[in-house]
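There are 8 protein chains.
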Amino acid sequence: MPLNVYLSGEIHTDWREQIIDGAQGLDVTFNSPVTDHAASDDCGVAILGAEPDKFWHDRKGAMVNAIRTRKGIEDADVVVVRFGEKYKQWNAAFDAGFAAALGKSLIILQQPDHDHALKEVDAAALAVTRSPDQVVEILRYVLTGKLPG
Amino acid sequence: MPLNVYLSGEIHTDWREQIIDGAQGLDVTFNSPVTDHAASDDCGVAILGAEPDKFWHDRKGAMVNAIRTRKGIEDADVVVVRFGEKYKQWNAAFDAGFAAALGKSLIILQQPDHDHALKEVDAAALAVTRSPDQVVEILRYVLTGKLPG
Amino acid sequence: MPLNVYLSGEIHTDWREQIIDGAQGLDVTFNSPVTDHAASDDCGVAILGAEPDKFWHDRKGAMVNAIRTRKGIEDADVVVVRFGEKYKQWNAAFDAGFAAALGKSLIILQQPDHDHALKEVDAAALAVTRSPDQVVEILRYVLTGKLPG
Amino acid sequence: MPLNVYLSGEIHTDWREQIIDGAQGLDVTFNSPVTDHAASDDCGVAILGAEPDKFWHDRKGAMVNAIRTRKGIEDADVVVVRFGEKYKQWNAAFDAGFAAALGKSLIILQQPDHDHALKEVDAAALAVTRSPDQVVEILRYVLTGKLPG
Amino acid sequence: MPLNVYLSGEIHTDWREQIIDGAQGLDVTFNSPVTDHAASDDCGVAILGAEPDKFWHDRKGAMVNAIRTRKGIEDADVVVVRFGEKYKQWNAAFDAGFAAALGKSLIILQQPDHDHALKEVDAAALAVTRSPDQVVEILRYVLTGKLPG
Amino acid sequence: MPLNVYLSGEIHTDWREQIIDGAQGLDVTFNSPVTDHAASDDCGVAILGAEPDKFWHDRKGAMVNAIRTRKGIEDADVVVVRFGEKYKQWNAAFDAGFAAALGKSLIILQQPDHDHALKEVDAAALAVTRSPDQVVEILRYVLTGKLPG
Amino acid sequence: MPLNVYLSGEIHTDWREQIIDGAQGLDVTFNSPVTDHAASDDCGVAILGAEPDKFWHDRKGAMVNAIRTRKGIEDADVVVVRFGEKYKQWNAAFDAGFAAALGKSLIILQQPDHDHALKEVDAAALAVTRSPDQVVEILRYVLTGKLPG
Amino acid sequence: MPLNVYLSGEIHTDWREQIIDGAQGLDVTFNSPVTDHAASDDCGVAILGAEPDKFWHDRKGAMVNAIRTRKGIEDADVVVVRFGEKYKQWNAAFDAGFAAALGKSLIILQQPDHDHALKEVDAAALAVTRSPDQVVEILRYVLTGKLPG
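Sequence lines, in order, name chains A, B, C, D, E, F, G and H.
Just so you know, the first sequence maps onto residues 1 to 149 in this note's numbering.
Just so you know, the second sequence maps onto residues 1 to 149 in this note's numbering.
Just so you know, the third sequence maps onto residues 1 to 149 in this note's numbering.
Just so you know, the fourth sequence maps onto residues 1 to 149 in this note's numbering.
Just so you know, the fifth sequence maps onto residues 1 to 149 in this note's numbering.
Just so you know, the sixth sequence maps onto residues 1 to 149 in this note's numbering.
Just so you know, the seventh sequence maps onto residues 1 to 149 in this note's numbering.
Just so you know, the eighth sequence maps onto residues 1 to 149 in this note's numbering.
Hints are supplied without guarantee of correctness; some may be wrong.
Computed cross-link-like contacts, DSS-like style, restricted to lysine-lysine with a CA-CA straight-line distance of at most 30 Å [what the hints assert, rightly or not]:
1. 88(G) <-> 88(E)
2. 86(D) <-> 146(A)
3. 146(A) <-> 146(D)
4. 86(C) <-> 88(D)
5. 88(B) <-> 54(B)
6. 54(B) <-> 86(B)
7. 54(D) <-> 88(D)
8. 86(E) <-> 54(E)
9. 54(F) <-> 88(H)
Derived CB-CB ranges, DEER-like [stated by the list, open to error]:
10. 116(B) <-> 85(H): 55 to 61 Å
11. 21(G) <-> 25(D): 22 to 28 Å
12. 148(C) <-> 85(B): 31 to 37 Å
13. 25(D) <-> 148(H): 49 to 55 Å
14. 75(F) <-> 25(C): 28 to 34 Å
15. 55(G) <-> 111(C): 42 to 48 Å
Please keep in mind that the hints were generated in silico from the structure rather than gathered at the bench.
Since this is a predicted model, take the numbers as computed values, not measurements.
From the three backbone atoms N, C-alpha and C, an ideal C-beta is built for every residue, glycine too.
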């Protein structure tokens, strides 16, 4: 049983690498959004031409990125959404809602101080984790039945 | 052509009332989450019994609220999501993602200072509005073909 | 927002009547399986002719009952499944699984001594209740935002 | 025509091994839940942290297991559900209902003394079998057209 | 629980009238194909212009009739398909397959001499009936829980 | 059997009125896009604010109109698409493709000189008509079984 | 673009072999029902035990065969349904209806004397063919763009 | 993350080759309609027999072509639709609508003079491009995160 896992959300720390490294040897395919922040912001105008209005500059980029993120979520069995300490991160919550409506297995990765603010998101998830390691342990258990320790 | 409209998001101002008042005379049915903040937070434990751990206190409430919010979104033709000036509002973005995945017509109501943070959410919407009045004008136009002025 | 609620499971006590009575005044339509035990067991052969083999006797009846139960579940917004103290009640768990796969809001009604045996079923539900009254309070809150007390 | 078969239900006897052994040489991929009973019960708390309340202990585990069981059922062409002689086995009946709602081909494996209690479940199945061998013979016939003997 | 029932198949006897008459007082809406044989055969060319080639004459009519039959089947909770004694009746079997794929509750009405020829169709049905009266009794039981006699 | 009919396409002649008038007395609900050409072109900027770039001016309007057209098509049983003598009319063909993918019954209304250019669109339709009157006759036949003359 | 093609219907002539032979070199995977008539009739009782009543004998077999035929149709891009000169062949028409409802591309293979009786089935198809060779030529054209001759 | 891309629309220039060449080294599978204009027009009658009436000549061909185009669109993650300078190109707009209704990521390739006529089509797309090169750059960015230059 191979698993396809999409890693959504925060792009400022190396949590994706920690999960991918930890999951080595497991039959998992990982996908992610483009995590190069500047490229992600400017992809629309870089390819399709400049926009004087920042609103449409952002729109063009968000739509190009959506080609990748929708494919990533639609192909996934499991969607992991990481909420970091800073920023609004509405795209992370949007991805979580999108994945939930498609019936994907949702794993949230966040610290306890956000528990109350994320309670609706958490309630749609099958696991709320506190570290990349816990995500890895879930994937390992799901695929092999082995628990840590 | 009657419209079913779900009003999601910020619960601290009277934007819902403004839209509902403005839309009087139009063939629209409005639904909303429970907007009594205390009731919404405590509904789970008030009905199903107290929890010593705040995490499960929140979970019980979020799940009971989900009965209403999922029904509201699934029944809707149009989902309006309002992002206010404050708070994380991840449940609003979650609802937007949920609605988008179900193919609902999405209208976002937010101020320009959030444009960049909401660019992925906006890109999934059919309109980005700045006031309840603009939402009303869209509903009026969609139902009657009449423009303001 | 009217709610359509299907009441599945145990047929030996008056829990359905308690819920229906308690919900008077709320905009709820209730549906149930046929709760006349003898009729439910024999409907197949009574209408379509006797079977010497009990296996096919049961099959004919279960298929006729399925016309009603599938319609009831498919039309429902909320499926309440009651597990009683006795019997295998596999049809109740089957209904819960069927409703879960269709994305219905699931409410389980059962006593704590069955918590462990029902953990997978409970984990698919939005509420685990201990009395018909709690079910009524959830429906009231979902429809009106009012909490008990 | 390769077949993907999910083996749900009773975990106390070696029926899964009998089917997998018997089906050697056939183009079948088998998946199952985690059948290590202790691991299955404790996976939630072992990975995500202890819970003082057994109800939430069970919930955490059931949700982690659901990542695997839902994937297993959703990927399957055929879902075999085995009901043993003992225990409530509500998760088995839940899986059967879930699979039926998704339109999977359902094969039930159970002894005749449970026929009446399982009549609704059986009525949703394409075959009711009495031994792992019969399941193997069905898979062989479906894939090769060859009958036993 | 109102039922929407589509009556498909044989158009040479009054079985539809018998069912509709028998079901008086029950909360059932009946729909049927056009049962005027000449109109059904010629509707395409009568409205859209003559065709010299009988193949396209038939095609035009079959497509116009499909507007009604697809709507009828898609709206139905229960599809009753009657196979008469004569003719190929492939459109009846086609409707049965169409309804089965949509997950409709299927009731077949046919005489025992066709049992073997209809075994695949019957196997997709929830009831195989021998008279319009049995169909009526099923509808009555499904809606009221009352058995005949 | 009431029918919901969406009238898409050309907005320069009174073909919609002819169909609606002709269908008086039939159980049909008609919906259409906004047919006020100026309003349809400018609705986006009139409500949401001017755009210096015509491309985004058009985009804003097209998205607001999509709220109505998608609702109209999704609610419809039958989608009639009229291609006039002039203009590109790509939105009409887009609506036809959208309706076809949703499995709607499609009726095309066009003159023979466009037959070859419309052959892929026609091939997805259940009727190709030459006059509003033929559309009316189809609706009448579908609802009443009566043919003209 | 590989194609998955299901060959349904008549089992008394070698039309399947003709198509499979003719399609050699094309990127097509073919699937079929079990075409050993005796095995197909008796598979249920041969595996699951004898039935004194021919009705249930047939039912058991039809349900086992359905595991294969449903998988075959659901996996297919193209469903070819062959109607022979003799017999009722209601299972062929049932398969055609099932495939049509799932949106499969349908090719019918039949002789002109059945045109009128098959008009509803033909009207749901993308091609009506008269020989296995024509089916092969369609598959070749669809995959390579090459026409015969 | 491999991408499946369908290239729909104009067949008179080498835009498909430009995209396919430009995308070399990327993990993309491309599919297209048959672009041999004569073969595409005549495939129906060439395989299935001549038709005296051009309308049915066209119909037969359009239906055979639909086997390929529907498969191509349904399998695609991304549908690129090219509108050329000339002709009605209603099949291109039809494909765009079909793809939009299936939730495919849509990329339009057209010149600015068609912007107004294509505004509804563009509004359903995630990118409006002016050259095959821009399409290639989008695919490269989506798959690798790399921007041009």
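Do the hints match the structure? See the list:
Restraint check: the Cα-Cα separation between residue 88(G) and residue 88(E) comes to about 6 Å, which is no more than 30 Å; the hinted pair holds. Among the hinted pairs, residue 86(D) with residue 146(A) is consistent with the structure: their alpha-carbon atoms are about 26 Å apart, no more than 30 Å. For the given pair, residue 146(A) sits about 38 Å from residue 146(D) by alpha-carbon distance, which is inconsistent with the 30 Å threshold. Distance check on the hinted pair: residue 86(C) and residue 88(D) sit about 10 Å apart at the alpha-carbon level, within 30 Å; holds.
With a C-alpha separation of about 19 Å, the suggested pairing of residue 88(B) with residue 54(B) holds against the 30 Å cut-off. Using a Cα cut-off of 30 Å, the hinted pair residue 54(B) and residue 86(B) holds, with the two alpha carbons roughly 23 Å apart. The hinted pair formed by residue 54(D) and residue 88(D) meets the criterion: a straight-line CA distance of about 19 Å does not exceed 30 Å. Under the criterion of a C-alpha separation no larger than 30 Å, the hint pairing residue 86(E) with residue 54(E) is consistent with the structure, at around 23 Å.
Between residue 54(F) and residue 88(H) the alpha-carbon distance is near 23 Å, which keeps this suggested pair within the 30 Å criterion. With their beta carbons about 37 Å apart, residue 116(B) and residue 85(H) fall outside the hinted range of 55 to 61 Å. Restraint check, residue 21(G) to residue 25(D): a C-beta distance of roughly 27 Å satisfies the suggested window 22 to 28 Å. In this structure, residue 148(C) and residue 85(B) meet the distance hint of 31 to 37 Å, their C-beta atoms being roughly 34 Å apart.
At roughly 53 Å, the beta-carbon separation of residue 25(D) and residue 148(H) lies within the given 49 to 55 Å, and the hint holds. A beta carbon spacing of about 32 Å between residue 75(F) and residue 25(C) agrees with the range 28 to 34 Å that was offered as a hint. A hinted range of 42 to 48 Å for the beta carbons of residue 55(G) and residue 111(C) is consistent with their spacing of about 43 Å.
Violated hints, listed in ascending order, are 3, 10; each of the other numbered hints is respected by the structure.
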